[in-house]
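Kindly generate the complete structure, drawing on both the sequences and the hints.
If you're matching positions, the sequence shown starts at 2 in this note's numbering and goes up one per residue.
Treat the hints with care, since some could be wrong.
[To be verified] Label pairs and their computed distance ranges (CB to CB):
no.	residue 1	residue 2	range
1	Thr-369	Ala-588	36 to 46 angstroms
2	Thr-142	Glu-378	39 to 49 angstroms
3	Ala-444	Thr-368	20 to 30 angstroms
These are computed hints drawn from the structure, not numbers from a lab. We treat Cβ as the ideally placed atom computed from N, Cα and C, and that holds for glycine.
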Amino acid sequence: MQSVSTFIFFLLLLGHALHGEGVFQNVYLTNNAYNGLLVAINPEVPEDPSLVETLKDIITEASQILFSATHKRAYFGDVTILVPKTWTNGNYDSTRALGYDVADVLVANPNPMYGDNPYTLQYGQCGDPGSYIHFTPNYLTDDTAVNDYGPRGKAFVHEWAHLRWGVFDEAPTDGNDPFYWDSKQNIQSTRCPLGLKGEMLFYDNGNPRGCNPTFNNGLPEEGCIFVPYGTQNINASLMSHQFIDEVVEFCDDDDQNSPTSNSNAHNTEAPNEQNRLCGMRSVWNVMRSSVDFNGTNLPNDAISDVTPTFTVARARPFEKFVMVLDVSGSMGGSSIIEMQTASKLFIKQYLPNGTKVGIVEFQSVATTLSPLVEIDEKREELASVIDSLVASGGTCIGCGILEGLKVLEGDGEPAAGGHLIVLSDGEENVNPYVSETRDDVLAADGIVDSIFFGVTTANADLQNLVEETQGVWFFNELTDTGALIESFKQLAYVNDGDPYNQVYQIHSQSFTVSQPEHYSGTVLVDSTIGNNTVFTFAYATGGDPLVLLYSPSNEKYCPPKLPAPDCVGYATADYNTITFQIPGTAAVGAWIFNVTTAYYSADVDVIVTSMAANRENPPMVVESGMSQADASNSEPIVVYAMVSIGYAPVIEADVLATITAPSGQTFILTLLDTGSAPDVRKYDGVYSRYFTEFYETGRYSVQVKVTGLGNGTSSTYSSSRSAAAYNPGHIENDGTIVPNPNGPAATGNDNTLTTSDLDPFSRVVSPGGFSYSGIPYDPTVDVLPPGKVIDLAAEQVDTMDLSRGVRLIFSAPGSDYDLGTAHVYQIRYSYNSASELTNNFEGSILVTKHMVSEGDIFSPKEAGHQETMILELIAIPQDRDAISVWFALRAYDDSNNESPTSNIAMMNVFVAPYSAPTTPSTPEPTTEPVTSPITTTAQPITTTTTAGTKTVGKSETEKKLEIFQIITIVLAALCLILVCSLIATCVLKCHLDKLRKKFQNKVEDRLEMGATSQNGSGGNDYQAFMRQELRNGVGYPNSSYSK
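Have a look at this one:
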């Protein structure tokens, strides 16, 4: 049984759905200006007009810094600041179609794990945009934050780089090593560029001293930090040490685009996230390849004023929905019954109080059945309107959209930001068509959502309109009532940043029960929810089923037609639904339901929803999304789910995504949070998986279920995020150490937190759907490669004994991206440079079967499992005591499809045993200014201790005994030399025999690796290549094995 653990603290920065293709749909870079930036303040933040002014100042400062850092390519233009609807003391624009859920920057209460550290939620691969930037009110208003992270405008640009261009930190965040051996055998701090100077210091009870080396590898002791010099002669990098005054640019590997040339050169050896996830590309390299700068928005010397233009808007006091329902002839029979069932639940249960809703029906023409009405006291009245729907006529979807726009504007308020929920089961066949309504919808700034009810490919214009207006669409089969109900439930989700006002789906299940059988099921209610808990049983065929519900303490809830003295509550029945409304807060634990039918079989769908239990404890929330809404080639779609309580990631949950194809075929994906592609960071609460099985064109639906059963265990682990670097202080030109007055290390973000077990729980979300228009995938032809390994790491097993080998650790890729099992690994390494592996992978040293003492390159593990391999290095240069080694690998499937080259793992190998000091150096705390030169390299500290001796006189007997002992030792030594000579002769003979055998094995290895050739084609060409390589030297180009 898996444990499900979480950090526990309070208040959630919720409601910001996982972005996929929709990120930055409001932000455009045109003529060098970013327009459409949205900054939203969370409803939990008390009204404070000074926050708005502070945000304006920060973004104005950031705009100038951004323009300089991008070499006059980009600045901030139009910016909107969205304040909560509860803020009233200000002149705010309330007519704009803006929502908290699409904000790029959020201002919310602190995350206890990060404190007031600005950070970005970033879960995609290199170059993928992030989700949002988080600033706290304290960070914005407390000037001590400038001591910690530098000028706020620079910190804003640092986070913007994460968010917009998908680059990563160059300082040692995310648990990366703060120090490393470089290729020149110097110890370096993790940073970019190398020209950034400083000192390695340890604060011992608040007093700085030099760092002691560790005994196993000579790197500085744990707790050692890099303190930069107060004056620098470089101006990069904003992704490394943005708090330094001179730092105003990004590291670059293209001298022509860096006015300071090599001084800002990218540090490819640093063990940071940028190198690991971006293939050692510089930040500027990634930025230049983005849509912002790839051939567009070139430097513009004519721009002199980069001051942004600000609009301050207040969130609308209510949301507006108009249901636009298809009642054409094709909706007759069970289709209209299912639509009525789901629509009434949408009105009666799922829409939150304070919203307005209207109803339009369409066939050959459109008719308004209800104008916009505030739903609080009108739920039953509005639901009764649905009962009057009758199917007939043609299908004029455009008529329904235009009529819906009129209803959105019917309350005297603009339609901007209002939702049209369009449900249709057929292709439009009556004018005006959807394409003819596009301009009206865009002019009104409305949002179109859609449910394609059994429509797999038709109505492409409607899908395009949904995506263009930033709506969401769902695909549901005609016979799947439960999925239709879930779609309406998801469309009712109003994300204003307040998690306590949301309805969460905790259970979804479909089954068939036949007379005289019965069906029993379990629903988990956890302690974070429980208010307004509703069990809904919907059925479409047969007689009314009989439903009994039992609480965790065995209290019985009965159907309306079965009164009994032991019942504590009764259900209500309405239009093919049976509903149990649990009073107060539902009990925590397992609820049991029993369903029977007296006459015929019944198809039953169970939907259970609930709200937060109280405002003291944030609810568990699941947000889900896809990497794109439309696919047209063999590139996979990534399905994401973020599981959290407050800011805390929920780890080790069971997360299953059900993908339903247009034909109804279903695929189950187990989403993982293991740090292997497509997942970027282990244990950050973001679960993901590739989907590749496009067997047919059309629309696919997605449902995500998250469960956890917990068994009382707890653990400690490091958290992950993309965040601005903390300023530990600096060293003056005269050597004086000036620590940060707030401390040398950030508080609240030490990356190590203890987890706590959760109650058993479950959640269900439906993020919408995606469509596929490419060539259907043929399962008989394998064209999908294994996934890329992004977490390869290397270490020496024993720094005192190289013969024990080198250990490689990585997550196994699959045969098709992250699915299945690869066929073979090709591991190579270089003693020269990382570029040798990236530019000439096939020319680097090949690891063969006989070099591996643990693990098996010819028997990979199933995708997602950890691989550990210990291997012997060959052709080791003998002219140094230590040398750098770079490793990389590729995986092949049994069709010889080749994965991309992994991240490159660099390590320092001690050829001669590493000699650590026998006594650690413990210098006195520094009290006087440091006068010695400040450098970024440190050698292992050695300490020599001299002890005095005392001479004592000896007797004659003692002297004779001493002589006898010496003679005995000499004779014993001569005997030992004779025996050793005989043994050495035998050993030498055996060793020569083994060398001959080893040479034969290496020849066999090269021939058996034919399936993993350097050009991916295998066969005789590769065997010939390997024979030629053997002539040059086994495994190592341009060497002589005979030597």
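Evaluated hints:
| no. | hint | result |
| --- | --- | --- |
| 1 | Thr-369 to Ala-588: 36 to 46 angstroms | holds, 44 angstroms |
| 2 | Thr-142 to Glu-378: 39 to 49 angstroms | holds, 41 angstroms |
| 3 | Ala-444 to Thr-368: 20 to 30 angstroms | holds, 23 angstroms |
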